[in-house]
Structures are given as structure tokens and as C-alpha cells.
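For the record, the sequence lines run as chains A and B.
Quick note: our numbering has the first sequence finishing at residue 322, numbered continuously throughout.
Quick note: our numbering has the second sequence finishing at residue 322, numbered continuously throughout.
These are calculated hints, taken from the structure and not from any lab test.
Treat the hints loosely; a few may be bogus.
Copies of the same chain are indistinguishable here, so a pair counts whether it falls within one copy or spans any two.
[To be verified] Cross-link-like lysine to aspartate or glutamate pairs, in silico, EDC-like; alpha carbons within 16 Å at most: (1) 317 / 125; (2) 317 / 207; (3) 317 / 165; (4) 317 / 115; (5) 317 / 271; (6) 317 / 122; (7) 317 / 111; (8) 317 / 135; (9) 317 / 175; (10) 317 / 270.
There are 2 protein chains.
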Amino acid sequence: MSSGSVVIVGLGPGSPQQLTPQAQEALARATDLVGYAPYVRRVEAGPEVVRHISDNREEIARARHALELALNGRHVAVVSGGDAGVFGMASAVFEAVENGPQIWRALDIQVIPGVSAVLAASARLGAPLGGDFCVISLSDNLKPWPVVLERLRLAAQAGFVIALYNPRSHARPWQLGAAFEHLRQTMRGDEPVAFARAIGRPDEAVRLSTIAQASAEWADMSTLVLIGCPATRVLTRPTGEEPWLYTSRKVEGTH
Amino acid sequence: MSSGSVVIVGLGPGSPQQLTPQAQEALARATDLVGYAPYVRRVEAGPEVVRHISDNREEIARARHALELALNGRHVAVVSGGDAGVFGMASAVFEAVENGPQIWRALDIQVIPGVSAVLAASARLGAPLGGDFCVISLSDNLKPWPVVLERLRLAAQAGFVIALYNPRSHARPWQLGAAFEHLRQTMRGDEPVAFARAIGRPDEAVRLSTIAQASAEWADMSTLVLIGCPATRVLTRPTGEEPWLYTSRKVEGTH
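Here chain A stands alone, though its shape is the one from the complex (with noise of 0.2 Å):
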């Protein structure tokens, strides 16, 4: 019946030096770019291509446009930033589809991997994923906030770098404030803590402080924060350079 697709393909950080060429293709076959706005735009295609723009807090919408065209027989792409199965469209999409008419089950759909904003981060930083690490977006809209709290907690007590998606926007500007807060209780404090902004894109730009010293005010909605454990270190540098971030492969036997 319908021969249409779905492709949910993640942008990566920004320059298309870190898009892969898997991506690039994927693009490159759509007839239709469904996304928030800064995504859609970022995509080079001709003029027969549609774009469908929608806003920022509209995934679900999204996903089900993106489902009903590719029925329609379109071949869609739904894009966003970095990984698309990181805090992107992928889980929306599959969202709509569980919820969605049966025969949604049956499209093609694929997912293409990227350049998550937690790699860009970490390869710009030196290495702070060195050892066992954690992802977690600190928006409360689709998750309670002491939730968020309790799995800092566990991830402090854990030992984990800790890389912090979403930390602070307009809608939500005390989150990370109170996160920083939340983690000064069960962590040392010397804890090195790197705000990464924008990584990958012109406007980039890096800051290191502690978990004791950290101010939220240091970060946006494009910064990705990054929290390090007791195994993180700062490697000074003799020429006055930035210092590389890194964590050390080995652990102790507590910590």
C-alpha cells in the first residue's frame, strides 16, 4: 500500500564535518524535513523539497505529521540535533507510534546515528567520559523534578560523570541551580565541572570550575554541563593553553 519511510537522522553537533555521510545520504533521499526550526534550516536540499517547521515543544505533533506523510507515501526525514536518540526525535517518534493506529507499526523506519552534543563535548574537553558515565536531561516537563534530584544523588554516590542535557532555558531558569545544590551535599567539592557551550559551531565556548564554585549563571540552553568524579582531573598546561579535562580509567577500590 503505502511505499513512504520515515528516517530519523541527528545532525550532529553542528558543522557538516561531523555529520557522516550515512546522514548525509539519508537527506540527501527525503522528500520531506519535518523538525523544530534550527534543524530543518540547517539541511541543504533543493526547492522540491518540503519543509515542515514546527516549534520546540511540539514533538508528539511532529512525530504523528511525520508518520501520516510517510503513509502518504513520502519518504520523510525528522531531524535534530547531535544523536537523534538522545533527548532528539527518535523516542517521540516511537512514542507516536505505540499510540498511533496500528498500521503505523508496519512504515519503515530507521533511525541514522550522529554526534551526540555528550561526544562533541568530551572530544573538545580532552577526555571526561573516561570511565563510567551518565546522561540526564534536567528538564522536569516529562519527568518530576525529585525524580531528577534522586537519580543526581545515585549517580553522584555512583561515582558516574555525570553529563547534564538541558540545563537551564527561560521556562526553566533554577533547575541547575538547585541540581549543583543537590550534588555539593553528597560530593567532595573539588570535583572538576565543565560548562561546554555550543561545541562544534562558531559561537563555541568552554569553562572549567568545581562543583563547589559552579554558578548556573554560566550556562544556556545550548551548554551541555559536564560533571566529573573523583577520577576527573584538570591537566594544567606549560604554555598558559586551556587545560585538558580527562578521567582516569582506574578506580579505586572505594570512592
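Take the given structure of chain A and dock chain B to it, following the hints.
Relative to the frame of chain A, chain B by itself:
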């Protein structure tokens, strides 16, 4: 004095289609390739490029060798699979720098991010990383086994999806079974578990199960094991095709 450099490059899951142009260019500039044999062999390079091949367990010696070559003016690419920052060579290089002569800190060292095994496996399966998640190496070569078990327990308690690297090898045959057994004490039992083997390579294979039923026998050195959380679901398909695995972005008040 020296104008050499070290670039640490993650080669992605395997296919050149999943290697970014940035990584390709970094490899093309190298005069020397350093790494574990299967990764060095994967790189296409002319006969003028020197290949330094080492055993799997010699990460620090390999890192020191790369740094010495760079000090002698060579442009060295240290290669590993997936993303170099996720249980790859990046941390080992900075560990060697920390413990080496001060002059190594003046070297030009860059890390190029790649598509990690966990992101490739996630995309292949659907969207199992849709919520908060953690990434744990099951190897107890560099950390005590009780630390691994405690991290697993805390991760399950936090409701993280858990990605396990290095689940099983000839030298570590029993750890994965012990990890499953340990997790069964904390988890409900019906949480999905995926065995994603050699994703992105010609011999890729996927097996789905639950934490109650999962057998360590289904994993080998090339397998990434993904353990779902209570919000992870298996979406069956009317066409008899392989189900999709995804984690809902929504978290209820308790877990």
C-alpha cells in the same frame, strides 16, 4: 621545538559510511597510525604512512609511543573503535601525559569524536536511550568488581537505561552472568534487554530478551548489552519484522 601532533580518532562502528568527514581528514593528515591491530588495519592509507600495531592490553605503552613520535615531529593518529572518548584511547593518552615528562603537555593533542557503539546500537534497535541512561564498562581490569556491582545496583535504582561495554571475553567469562544476577535482585524482571552484536558491520546481529531471561552466553567481545528501565518498551510489528525497542521520555512519579 616540536611541530608534531597527536590526534585521537574514533573510527565509528565499522562502516566508512559512519565516519565523519572531520575524522577522515584527520586520518588523511597522519604520518603515523597507532593502535590495536584491527583498528589500524581498518584505516585506508598510502604506503608512506607508518603503521604501529600493538596488542589490546597495552594502552598506556601505546599512548606513550604516540606521544614520543609527536615529540619527534610526527603527525600521529591514535585510532580506536566507536568514539575514542568512550572506553577508547583518549583517556589513556591523557593518563600518559599526566604521568609523563612536562614537555608532553605542550604537545598539540586533539580528540575527534565519533559515533560510539552505544549510539549505533541504539539507532539500530529503535530509541532505547530515550530517557536518562548510563554507560558502564563491565571490565574489572581497572576497577574492582564490587565497584561494578554497586554501580549497577545504583543505576537500576535510579531508573537509568544501562549500556554495558566489554560484557564478556575469554579472560572475563563470568562477569556478565553475575551482573544479570545482581540486577535481578533490584529490577522487576520484565525490563527488556538487547544484545547488539557488531552493529554497523557485515556480521551484525540483534537478540531481544528480558532481564529475567537474559543469558550471558548470548554476548561476546563484540556485543553491546542494553538493559532497559521500567519505561522501556518492545513495539511488536504486524509484519513479523523485528520489534522496535524504545524508552518513553515520560517518567512517572516513582520508579
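For each hint, the structure was consulted:
1. 317 / 125: Classified as between; 14 Å across copies, 43 Å inside a copy.
2. 317 / 207: For residue 317 and residue 207, the Cα distance is within 16 Å only across copies (10 Å; inside one copy 34 Å).
3. 317 / 165: between (42 Å within a copy, 13 Å between copies)
4. 317 / 115: Cα proximity of residue 317 and residue 115: none, with 54 Å in one copy and 36 Å across.
5. 317 / 271: Answer is neither: 31 Å inside a copy and 31 Å across each miss the 16 Å cutoff.
6. 317 / 122: neither (44 Å within a copy, 19 Å between copies)
7. 317 / 111: neither (44 Å within a copy, 33 Å between copies)
8. 317 / 135: neither (50 Å within a copy, 23 Å between copies)
9. 317 / 175: neither (44 Å within a copy, 25 Å between copies)
10. 317 / 270: neither (34 Å within a copy, 32 Å between copies)
Checked against the numbered hints given earlier, this structure breaks hints 4, 5, 6, 7, 8, 9, 10; the rest are met.
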